[in-house]
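Asker: Residue-level listing of the chains:
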Amino acid sequence: MVLTYTEIEQQKNTKIFIFFIITILFYFITAFVIATVIKIFFVFYLELSESSFKISPFLSLRHTLIIVLVALLAGSIHIIYSLKNAAVLIQKNLRTYSLDLDDSYHKKFKTILEEVNVATGNKYNIKPVILPSASLNAFAISGTNRSAILGITEGLLAKLNRQQLQAVIAHEVAHIVSGDSYQTTVGCALFGIYASLLNGIRSTLRESRNVVRSYRRGTGGVGAALILLFIVYITLKVMQFFYLLIRLFISRDRELRADAIAVRLTRDPISLAEALFLISKGWRGIGSIDKNLENLFIMNPLRNACDEKEGFWANLWSTHPPIKKRLKILTSMAHINLENIERAVKTKQAMRERLKEADKDRKQPLWLIRNDKNQWQGPFNIEQIMALKWVRPDTWIKPQGQDRICQIKDEVLLAAAFNAKLSKHNTSSLTCPICHKPLIIEDYEGTKIHRCLFCKGTLVKTNRIRRIIAREEKGFSEKIKRQAEIMRKEALIAFANKEKSKIKENSLINCPQCQSQMLRTFYSGAYPVEIDKCLNCDIVWFDKDELEILQYLIENKAAI
Amino acid sequence: MEILWIILAIIALTIITVIALYNRLVSARNQVKNAWASIEVQLKRRHDLIPNLVNTAKGYLKHEKNVLENVTKARQQAVDISGVKEQGKAESFLTQTLRSLFAVVENYPNLKANQNMLALQEQLTSTENKIAFSRNNYNDWVYKFNTMIEKFPNNLIANTFGFKKEDFFEIEDSSVRKTPEVNF
Chain A
1 MVLTYTEIEQ QKNTKIFIFF IITILFYFIT AFVIATVIKI FFVFYLELSE SSFKISPFLS
61 LRHTLIIVLV ALLAGSIHII YSLKNAAVLI QKNLRTYSLD LDDSYHKKFK TILEEVNVAT
121 GNKYNIKPVI LPSASLNAFA ISGTNRSAIL GITEGLLAKL NRQQLQAVIA HEVAHIVSGD
181 SYQTTVGCAL FGIYASLLNG IRSTLRESRN VVRSYRRGTG GVGAALILLF IVYITLKVMQ
241 FFYLLIRLFI SRDRELRADA IAVRLTRDPI SLAEALFLIS KGWRGIGSID KNLENLFIMN
301 PLRNACDEKE GFWANLWSTH PPIKKRLKIL TSMAHINLEN IERAVKTKQA MRERLKEADK
361 DRKQPLWLIR NDKNQWQGPF NIEQIMALKW VRPDTWIKPQ GQDRICQIKD EVLLAAAFNA
421 KLSKHNTSSL TCPICHKPLI IEDYEGTKIH RCLFCKGTLV KTNRIRRIIA REEKGFSEKI
481 KRQAEIMRKE ALIAFANKEK SKIKENSLIN CPQCQSQMLR TFYSGAYPVE IDKCLNCDIV
541 WFDKDELEIL QYLIENKAAI
Chain B
561 MEILWIILAI IALTIITVIA LYNRLVSARN QVKNAWASIE VQLKRRHDLI PNLVNTAKGY
621 LKHEKNVLEN VTKARQQAVD ISGVKEQGKA ESFLTQTLRS LFAVVENYPN LKANQNMLAL
681 QEQLTSTENK IAFSRNNYND WVYKFNTMIE KFPNNLIANT FGFKKEDFFE IEDSSVRKTP
741 EVNF
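For the protein sequence lines, the chains are A and B, in the order given.
Just so it is clear: in the first sequence, position 136 is 136 by the working numbering, and no numbers are missing.
Just so it is clear: in the second sequence, position 151 is 711 by the working numbering, and no numbers are missing.
The set of hints was computed from the structure by calculation and includes no laboratory data.
Mixed in with the good hints, there may be bad ones.
Think about it this way: if two alpha-carbon atoms lie no more than 20 Å apart in a straight line, the pair counts; the simulated DMTMM-like pairs of lysine to aspartate or glutamate are [to be verified]:
{"hint": "1", "chain 1": "A", "residue 1": "LYS108", "chain 2": "B", "residue 2": "GLU682"}
{"hint": "2", "chain 1": "A", "residue 1": "LYS159", "chain 2": "A", "residue 2": "ASP268"}
{"hint": "3", "chain 1": "A", "residue 1": "LYS448", "chain 2": "A", "residue 2": "ASP543"}
{"hint": "4", "chain 1": "B", "residue 1": "LYS604", "chain 2": "A", "residue 2": "GLU114"}
{"hint": "5", "chain 1": "B", "residue 1": "LYS645", "chain 2": "B", "residue 2": "ASP727"}
{"hint": "6", "chain 1": "A", "residue 1": "LYS107", "chain 2": "B", "residue 2": "GLU688"}
{"hint": "7", "chain 1": "A", "residue 1": "LYS437", "chain 2": "A", "residue 2": "ASP372"}
{"hint": "8", "chain 1": "A", "residue 1": "LYS107", "chain 2": "B", "residue 2": "GLU682"}
{"hint": "9", "chain 1": "B", "residue 1": "LYS649", "chain 2": "B", "residue 2": "GLU688"}
{"hint": "10", "chain 1": "A", "residue 1": "LYS108", "chain 2": "B", "residue 2": "GLU688"}
{"hint": "11", "chain 1": "A", "residue 1": "LYS123", "chain 2": "B", "residue 2": "ASP700"}
{"hint": "12", "chain 1": "A", "residue 1": "LYS110", "chain 2": "B", "residue 2": "GLU688"}
{"hint": "13", "chain 1": "A", "residue 1": "LYS448", "chain 2": "A", "residue 2": "GLU473"}
{"hint": "14", "chain 1": "A", "residue 1": "LYS123", "chain 2": "B", "residue 2": "GLU600"}
{"hint": "15", "chain 1": "A", "residue 1": "LYS110", "chain 2": "B", "residue 2": "GLU682"}
Rough simulated footprint, nothing fancy, chain A against chain B, three-plus residues with beta-carbon under 8 Å [claimed, not checked]:
{"hint": "16", "segment": "592-603"}
{"hint": "17", "segment": "683-692"}
{"hint": "18", "segment": "696-706"}
Cβ coordinates follow ideal geometry from the N, Cα and C atoms, glycine included.
Pulled out of the complex, with its shape left as it was, chain B reads as follows (with noise of 0.2 Å):
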């Protein structure tokens, strides 16, 4: 009789456990979804503010027309992509873009002392700062959550419920390798 409820106490213990475990890993992965929607805001303001970038520049840059072409290209990349990876990726590609836009309005005192340019030119700025910053937010969050699923016990519960990896979010400073390309 002792036994079978010792038996009992156990199974109770380990269904307990498991509930216990498993929310906490679905608070988690909650709090990383959280993260990667603060990106997406910032992202996508990032993408909203090329397209008057692109129209402010027209004007000026008539005989640069490809520099502009291939930023306006790199945003509709960006924004049609899914998925962390990609995403990053194309962002990536996006700045080395506008990387090269900039190095050519160097050339054009008129465009760059325009007010319109310089405010948006700002926000940009701003913007990119802030894409930073949450990507460390999302970053750590990710990092916590892989290595939770990774851990004893929690990888046995990570596998039957299927949690998998997320992917980190990473933007490659090209500046640091490579300096941008101008086409003249």
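In isolation and in its complexed conformation, chain A is listed as follows (with noise of 0.2 Å):
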């Protein structure tokens, strides 16, 4: 990266002032507003007891001079404040994980940033984080002591390739190394994370109509709580206003400037253009991602109208520049057309091959099995005798349909697979709610899953089955795609004669954690796949294929 750290510093520094004087100027609008309305109403008050026009309803000098005082003195407060914890409030606002290093998708997260970093001469600490949404997106924001913050979402992680990622992540690193991420986070954490607020107030003042009917005769206290409310909703209001004053300094044009070195450091344009691509067709992400951040983000959440225009205007109050401009860049970059990458995305995501599902119900050599009390158990198979926590090598085992029994360690087939056990420690310390078999931890779409061999049902933690949903790694076998439409016309008839889907009460288990009662619901309104849930673990249990129903209905849009 070619650009010195005084340079970065110089520009930085002229960005945080303007920012500064806003900053002041809105506490100074602030307080000289609520100091007039406050003696404007004294005056009033005055005058109608006395009935005199002795004081003027006007501030003098002297109190707008205090009032610039103060202004100063909180503008300071905020602005230092802010430039502290700017990283550390957006990151809460956007509610970021951090990275789970036994998710392969993650870990690839991980080990990409390293490289680029190394790009930049490892100048910046950058922690990776993940934003919890199946949207495709990513940000950064930059904090003091060039440490810096990375997120991308899992929807983005799912979707593209190693380069496409490669690229996504270049173009972050260079708004952080470039400085400009630091203006935006400090702009962000000034004014927009406050104005952020107001989308929540807006939703209790609505909610809060009927309560004052209900309670007009009521004590007071209620209609004061909402004085204040509204106050703070005018507050807020004004410094919406201002976090856009400051935005039309935050040009549009740092995403090409970023775009242009993402790709000096990768030389690889056309993965970034493919992964621009990609992100522009797909589900940016509102509502998960608030709207006053999103100068954030490599791509504007908000499909918004004054982003994809040309002109003074547009540049203005635009955050991002139009995604065609960017893509030609791109595109002339390479040598190529845009018609190209498009084929290029497309054809990719028609090569890109599911994975066979194992046929789960193929026949396979049983045997018999002596447990420690002389009984025979079974009949199993390999895997599932892998997965008895009690079995030995000297285990004493009959093959099915056959008139001799031997040990493990003669039998060739559970001798080998004995041996990979051993090399592995897959099994789980938690049981099967179902059949309390020892439950097995398995890969599944890049992330781990606890899977009982015997009654093939699965138990996910809660966070991980949007990733499971997101990564689209796994075919479906022709049963599971009937079984889905069955499920879902059943639903569907049940919708229409308005009866609510009935979820069977019986048989209720235990969470294999926790061991309290699972609540059985549907996994939503939308995809009425029975689950059984842990509140208290956050975690769910899927019986047999369930999960994979889930995914196929999902990944096929085949809500109800």
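From these two lone chains plus the hints, build me the complex, please.
Answerer: The structure is reproduced here in structure tokens:
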């Protein structure tokens, strides 16, 4: 990266100074308005009682000076606080997660970031985080002391290949090293996150109307609280206006610059163009991402009409350049045109092979097995025998349909499987809630899940379900597809008859982790797959095939 | 009297300009050195990984001794050598021998599935990516520095104070031109 640290510092300082001025202005205007209102109120009050015009309703010079001092003090405190805590504040606002290093996708993200960071000379300490959303987006925030945070949504992590992910990460790293991420971060921390509180208050006010009606004759406590809330609302509204002012100083061209630096870092404009194309076509995620923090992201989460326009006013108000322009610059770097990118993305998607689902009901050799109490159990297949905790190489077994008895170490297939088991240690400490046999830890769509090899049910942590759904690595067998279609049709019929889909309350199961009873419910109203949930441990149990059915329904957007 | 002042002013101005230009060249050269140092860190990491890799593979590849010997030799060469251009050549050779090693490993499923081997292979790939990135960074700085000292009037100062052009760090990617050699 050919940009020296002093150059970056200078650029930064001018912008931060502008932000400082705007903040002071905000405090001055707010304080001035409040003081004037209070004074006018008192003047009229006195006027009514004494009926004289001795006091003017406007503020004197001395009072204005005091207000200026107060504004300076409050503004300085605000800006120093924001500068110090910008990164933490925004991270809290976005509700990011730290990486789960057992997860292969998260691990890939970490390695790519480490690799890209080398190109900057490791000047910055960049922490990778995850935004738990299925949308496609990425962001960067910078703190003081050259620390920074780079976040990617689960959806983007799942949808992009390694080169594309590298390009996106390089783009965000470019924001960090060129220093403009610090400006946007401070801008957002100064006003953006407060403006985002507005949404919450607006809905509270809306709900409170009914409350007021019913409490009108009651105590004044609720009313006073509402007036307070209203004042806060007005203040925040003013804040939002000032945030718009700050955004005028955040140029949309910094995205183009970051694209250019990213290409310089990776020497790969095509992958970046492909990634941008995919993001622009996909869902960028409003809802989980607050619209007031939009300029932190690689592409605007709002499909803002202003962003796609050019010209003076569009340049002033927008936060991101038109996607067409970005793609045009990148494709001209690689001497290809947009159609090539479009075609490449499509063929890559089509080429992407799904993992074939192992046929669970395939005929396998079975054995009877003798336990500690000299009882014969089974018949079990290889995997099931390996899942049993008490199995030892000298345990006696009897192949089904044959008249001989031998030890596990003498049966070639089982002996090999036993050796493999010893080197893997994949038996979990949890037991299946239905058949009470140990669960096996398994890699599934890049993350870890617990599976019972006897009833084929799966135990999944709640926050991993979204990842599993986003990744779409796995193919589905005809059986799953059929089952899913039947389930959907039944739910549709029930919905048409205005029946409430009923949950079978019989045979409720206990959580394998905390042993309390699990809650039986539907995954969601739109996808009525029955699940058992433990609210204490944030864990979900799927019966056989139910996880796959859920995945299939969501992937094919087959909601009811 | 006035002429004297003017001459003095011109001399002062020239000295200041020379100092400023000289300082810029020095800081650019230091940036190049710094970028090279970060490449060396990654190269060292790569060289440290290879003995582990060879040791892991040794047990399985009893009939492929010369492949392993080639890798060890190439590594030693790369460790001993100094100078940007020479280092680039040595690294290219090392990459080539590693590639033929991995081609051989493909034929040994047990070795391929070895956890240690997989981890080492992953680390090696990651290190090679890091080398590629730091190489880009280094070459950017070299490009900037070389253009700087060729430009007028920098070239006058560069010649007087002995600033020399720096070499680009290039690793030839032999895979594009040649299929890896496999000895059976």
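Asker: Does the structure break any of the earlier hints, and which numbers would those be?
Answerer: Failing hints: none at all.
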